[in-house]
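Colleague: Below, each chain spelled out in residue letters.
4 protein chains.
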Amino acid sequence: MAMKTAPALTPERQAFYDGLAPDNMAPLWERFSSLIAPEPRSIVRPCAWSYAAARPKIMRAGELITAKEAERRVLILENPGFKGQSRITNTLYAGWQLILPGEVAPNHRHSQSALRFVVEGEGAYTAVDGERTLMREGDFVITPAWTWHDHGNDSQKPMVWLDGLDIPIVGFFEASFAEGHADDRQALTRPEGDSLARYGSGLMPEGYKGGKHGRTSPVLNYPYARTREALARMSQAGPPDSCHGHRLNYVNPETGAWAMPTIGPSMRLLPKGFATELYRSTDAQVFSAVEGHGTVTIGDTVLSWQKRDVFVVPGWIKFSIFADAESVLFSFSDRPVQEALGLWREDRGNH
Amino acid sequence: MAMKTAPALTPERQAFYDGLAPDNMAPLWERFSSLIAPEPRSIVRPCAWSYAAARPKIMRAGELITAKEAERRVLILENPGFKGQSRITNTLYAGWQLILPGEVAPNHRHSQSALRFVVEGEGAYTAVDGERTLMREGDFVITPAWTWHDHGNDSQKPMVWLDGLDIPIVGFFEASFAEGHADDRQALTRPEGDSLARYGSGLMPEGYKGGKHGRTSPVLNYPYARTREALARMSQAGPPDSCHGHRLNYVNPETGAWAMPTIGPSMRLLPKGFATELYRSTDAQVFSAVEGHGTVTIGDTVLSWQKRDVFVVPGWIKFSIFADAESVLFSFSDRPVQEALGLWREDRGNH
Amino acid sequence: MAMKTAPALTPERQAFYDGLAPDNMAPLWERFSSLIAPEPRSIVRPCAWSYAAARPKIMRAGELITAKEAERRVLILENPGFKGQSRITNTLYAGWQLILPGEVAPNHRHSQSALRFVVEGEGAYTAVDGERTLMREGDFVITPAWTWHDHGNDSQKPMVWLDGLDIPIVGFFEASFAEGHADDRQALTRPEGDSLARYGSGLMPEGYKGGKHGRTSPVLNYPYARTREALARMSQAGPPDSCHGHRLNYVNPETGAWAMPTIGPSMRLLPKGFATELYRSTDAQVFSAVEGHGTVTIGDTVLSWQKRDVFVVPGWIKFSIFADAESVLFSFSDRPVQEALGLWREDRGNH
Amino acid sequence: MAMKTAPALTPERQAFYDGLAPDNMAPLWERFSSLIAPEPRSIVRPCAWSYAAARPKIMRAGELITAKEAERRVLILENPGFKGQSRITNTLYAGWQLILPGEVAPNHRHSQSALRFVVEGEGAYTAVDGERTLMREGDFVITPAWTWHDHGNDSQKPMVWLDGLDIPIVGFFEASFAEGHADDRQALTRPEGDSLARYGSGLMPEGYKGGKHGRTSPVLNYPYARTREALARMSQAGPPDSCHGHRLNYVNPETGAWAMPTIGPSMRLLPKGFATELYRSTDAQVFSAVEGHGTVTIGDTVLSWQKRDVFVVPGWIKFSIFADAESVLFSFSDRPVQEALGLWREDRGNH
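Protein chains in written order, with numbering that gives the first Met the number 0: chain A, 0 to 350; chain B, 0 to 350; chain C, 0 to 350; chain D, 0 to 350.
No lab work stands behind these hints, which were simulated from the structure alone.
Please note: incorrect hints may appear among the correct ones.
Where chains are identical, the list cannot tell them apart; a pair therefore holds if satisfied intra-copy or between any two copies.
No farther apart than 30 Å at their CA atoms in a straight line, the calculated lysine-lysine pairs in the DSSO-like style are these [said to hold, decoys possible]:
no.: 1; residue 1: K156; residue 2: K208
no.: 2; residue 1: K317; residue 2: K56
no.: 3; residue 1: K82; residue 2: K208
no.: 4; residue 1: K317; residue 2: K208
no.: 5; residue 1: K67; residue 2: K317
no.: 6; residue 1: K271; residue 2: K208
no.: 7; residue 1: K271; residue 2: K67
no.: 8; residue 1: K156; residue 2: K56
no.: 9; residue 1: K156; residue 2: K211
no.: 10; residue 1: K82; residue 2: K271
no.: 11; residue 1: K156; residue 2: K82
no.: 12; residue 1: K56; residue 2: K211
no.: 13; residue 1: K67; residue 2: K306
no.: 14; residue 1: K211; residue 2: K82
As the structure is a prediction and not an experimental result, all values here were calculated from the model.
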């Protein structure tokens, strides 16, 4: 909403404005249109990261520093719109984390919530809250805010996953707490698969009141095997959504809402040759390709992607994804926050 | 709460009371203690039904009437405390339903919610809302209120399941609606397993707003395979609860609350030789044994049960279940309603 | 849903049915249509109670027994459809309670929830949870389930109010608990008006987590002065609803839902000469006239009512209320339960 | 959480880091401790604005520009920690808005939510959603996100209120939309007081489903008369909370939650001579004094305040407020967002 006419800047007014600053005041009408924008103008830039190109650097990092020395050995994926700010979008952080056979990323906890989406490897673990889960490609793993968590790799192969955290959000609200633990590995008190059995199988334990991790899902690992099968079933039931393909969102089984309060994760299946209809929403989205390859057109920018690549679509810019082969794409964004605050909007089609 | 002293019945008072009735009035103080009981005194009687004993009768019913002629060929399990009232507890109905190879139980819908718990057979189906599910022993299937549903058996074996419905509740609230359909079988619009894929796998479809079936779970079939595995995992994680064993409740993945608003279904695993600690709650519970055998002591009554048998525990009577072998027991009650109304209470132990 | 053809009763079948009873079983198909009704057929009868006619009897009760001896001196309003059952509808109890100057109705508590709607008098009190509220005509007062409550009258005038309780509901679920207190009057720990200030003024105390009385409103007294003014404002804003007039429902300020989980209270204003459009809903409704006079047509029955009278409209029968003068009517029903269970339906107009 | 030892910066590592930047990557371990802070270190500075000192400038603004030309004639209160950023805290905006007799601040709407807290004057109005409310000192008025709103002053006196908006939050999420309206004043469709009658009196209209303004309260104006009386009642009921005094939070009567999803408003009464116990929470708080005068100690900073002054307390710094006279203080912060995201923490006392 631009003001109809910008107020004229008379010498009298300028003198008045100059006198306000020492009192920590300023005239709203001089700043109005920059504060209350008529439509989002995202600073986020469309960008893609090729896993094939990055992999040697990820592995080189494995030579230069240990997981333990680094605390977490991650290459941050930094959006060119936010140089030096460690953000992949305006509100979220992402990075590729490497853990080599025999390594441990030591036990710590923090206010920031994290997702781990497995990109390469099989058999490294994440431990949260006394339970350890072995990870496989395509698995979606949650470490809820303020839960102790450590990672390790007892397999013979390196593992790389995509980290997604709400670091900029927690920073914006100036509410970050963190602490390390004396022991690198947490004590295990529950067997593998315990949280999936208790909370992720259509059941809840007698006496459980809910909210074990606040609004975050109590399920530690959403295995790809189950997600992939659900997508396959869904694709048999009818045509894909024109904008989303066959799309399922990860939810908290206690509430049916997003699996995390600050990050909304999704998985979608695009049939071979399918191009999504133009679409935009106010949340910038981070994609990680799980199967297939194709392109994405974001405004005037065209980016190619293949399995394991990451790309970012800024908010409120129309985009279309094209799948050269049957493809599966994981994605996440800050949509749960925008919905909670009443800010989220979407817009389908080319009008 | 008994009144300290019952009010004396003087001739003057009696004359007054007699004069009230024609005006549709009555003195509360003459009825107070029967209306506001100090503690529940259930009319429900402890009772068990042997499947082995009943099976010939169930099969005989199959000879005497077809599923179609009967609309639903069910032998009602009627609590001796409610003779002629078709109730297994004060508020719930149960019965064994038989469907023979080649038969159809025609499409209809009603305000009453139903659960089907498969007791014998494999391969008959229930169709709800355009989706058909093939049923196996131990599967828990829901037909939500006011959804079209039909059953059929395209397998070579008879199938028997336990029906649980809220018929007395709907009757008490005088809110029963029902209608039949011109076609015996509903049109199928979604493939087998569709609802489990969409809502029961830690995911929800993009754009889904929830509440497809009100407060009832959108998942049609909770397969025993998944439930049994969850129980097995849970039993590895620690000792059984002293009153409940390893117990999981079926929930609606949209809310984390009971899978149905009027009926609360559970499954529990009791290790061989385990006896539950004395326990009582205000909801009368109906049990159906899935694996194992044992006894149940309800107040002074001892009943034996084995696989496929049904038994009832009245509300607010202390009971203990003993498992002679590793056992799995399905159960259901009206607890979701009592909780919603703030009426439910439980009491653990022998004090 | 009547079955298309009732199953024929052959001798063979009869013999089979006879053999089931000893085993506590029965054939569903013989009872189907009485259990699963195609449409509600309420046992409740349309009925009105004239306060003018009843008042001498209420006062006579005051001579024959004290409030303390009676525990609660109430003349039950008993629906002729439920003779001897102390119900005004299928699921609710109502009665006129008298408390004379200087009397005390002693402190007790029970699982049953109660509303008090003041019909005559000013200055008697209800005490709940350490707070005492002085009552005036038209005030709506709640005594939540299992809260200690006592009543007294320190004024110079008798007070009569309408009691509404969920006694039949608690009875149906066999979940009644009650106890008396050694002291007739509870200790007061909070000043008059405390709950209205804390919870009923658009505010909540810092640190308050909600649910002080479960799903029941924490507000003790909804004063008529405020309710009447809200109705007056509403009537200035536009025409009345054709079926309801200007109608407001009492809500729990913690949830926006009904003020009580088992009883739904409302107040409506009908302009002089207004006749509501035909309407029916599955909940039977109890009305108490606060201002004005008129008639109500329920199916074929026409009843007259004036200020302080009570009348009952059964569920699922079309009715219309006519106001000879500007009128205000309080009403209550079991609609919150029916909504929670997914059973409630309404039907507007004459079609 | 500082890392035990910062990773050494070898030439080899530096070379590696330098090679990452062109690929939009960076090493997390070099930035870890700045991204994941062990404890909040707020950029917000303790600051107070004297209304007496500012009033001549506010009035001078009234001479230099009209409300209409300015769109909104507001002097922004800018925190010295965020120079040029128009923020009073890290996440919120505030300013004093002046509207002179006969003026209009034209009709517009935007994604940003606003509160108005009246500081001086009586009789200017805010119109939202077809309803106009006349404002008095101490009134708390809401203009929900994306609702049309205009202000005007038909009284004889200038009015000044404190604006509180979530401008930085909406900016951070890049989700700002705004538009102006052809007409300066919106059409009025509901009488004064309509929303308070319908939603703010313990009642809700029959048929109302809730969510008229999303998670924002449907009540337009929370009048000071009612709030002040509630504080007075509360102060009679017991001693003040040691950290908060007698404190009530403004809530949405549909949910019992904060009146706005992004801004949490409160009012507290401090008795004469009362000093609050040391306290801190993660949300920075903006205070506006309504009655009384005193001081506030924030860490090492001591600020004086009197009626109408504004002061800011940064997050996670211990503070104590001292009241020289009986005082009433309005305050607001981003606590609703922090709670929704699971980030909010508080800490009572001096330990």
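Colleague: Now tell me, hint by hint, if it's right for this structure.
Modeller: We went through each hint and held it up to the structure:
Proximity of K156 to K208 under the C-alpha cut-off of 30 Å is found in neither arrangement, the shortest distances being 40 Å within a copy and 42 Å between copies. Proximity of K317 and K56 under a CA criterion of 30 Å is satisfied in neither setting, with 32 Å inside one chain copy and 46 Å between copies. Neither within a single protomer nor between protomers do K82 and K208 lie at most 30 Å apart by alpha-carbon distance, with minima of 44 Å and 38 Å respectively. With identical chains, the CA atoms of K317 and K208 are at most 30 Å apart between copies only, with a shortest distance of 24 Å across copies and 42 Å within one.
Taking the closest pair of Cα atoms, K67 and K317 never come within 30 Å of each other, the shortest separation being 42 Å inside a single copy and 35 Å across copies. Taking the closest pair of Cα atoms, K271 and K208 come within 30 Å of each other only across two copies (29 Å); inside a single copy the shortest separation is 44 Å, beyond that limit. For the identical chains of this complex, K271 and K67 are neighbours neither inside a copy (42 Å) nor across copies (46 Å), given an alpha-carbon limit of 30 Å. For the identical chains of this complex, K156 and K56 are intra-copy neighbours only, at 17 Å inside a copy versus 62 Å across copies, given an alpha-carbon limit of 30 Å.
Proximity of K156 to K211 under the C-alpha cut-off of 30 Å is found in neither arrangement, the shortest distances being 33 Å within a copy and 45 Å between copies. Taking identical chains as interchangeable, the C-alpha atoms of K82 and K271 are never at most 30 Å apart, the minima being 36 Å within one chain and 53 Å between chains. For the identical chains of this complex, K156 and K82 are neighbours neither inside a copy (33 Å) nor across copies (51 Å), given an alpha-carbon limit of 30 Å. With identical chains, the CA atoms of K56 and K211 are never at most 30 Å apart, being 38 Å at best within one copy and 49 Å at best between copies.
Taking the closest pair of Cα atoms, K67 and K306 come within 30 Å of each other only inside a single copy of the chain (29 Å); across copies the shortest separation is 54 Å, beyond that limit. Taking CA atoms no more than 30 Å apart as the test, K211 paired with K82 passes in neither setting, with 37 Å inside one copy and 41 Å between copies.
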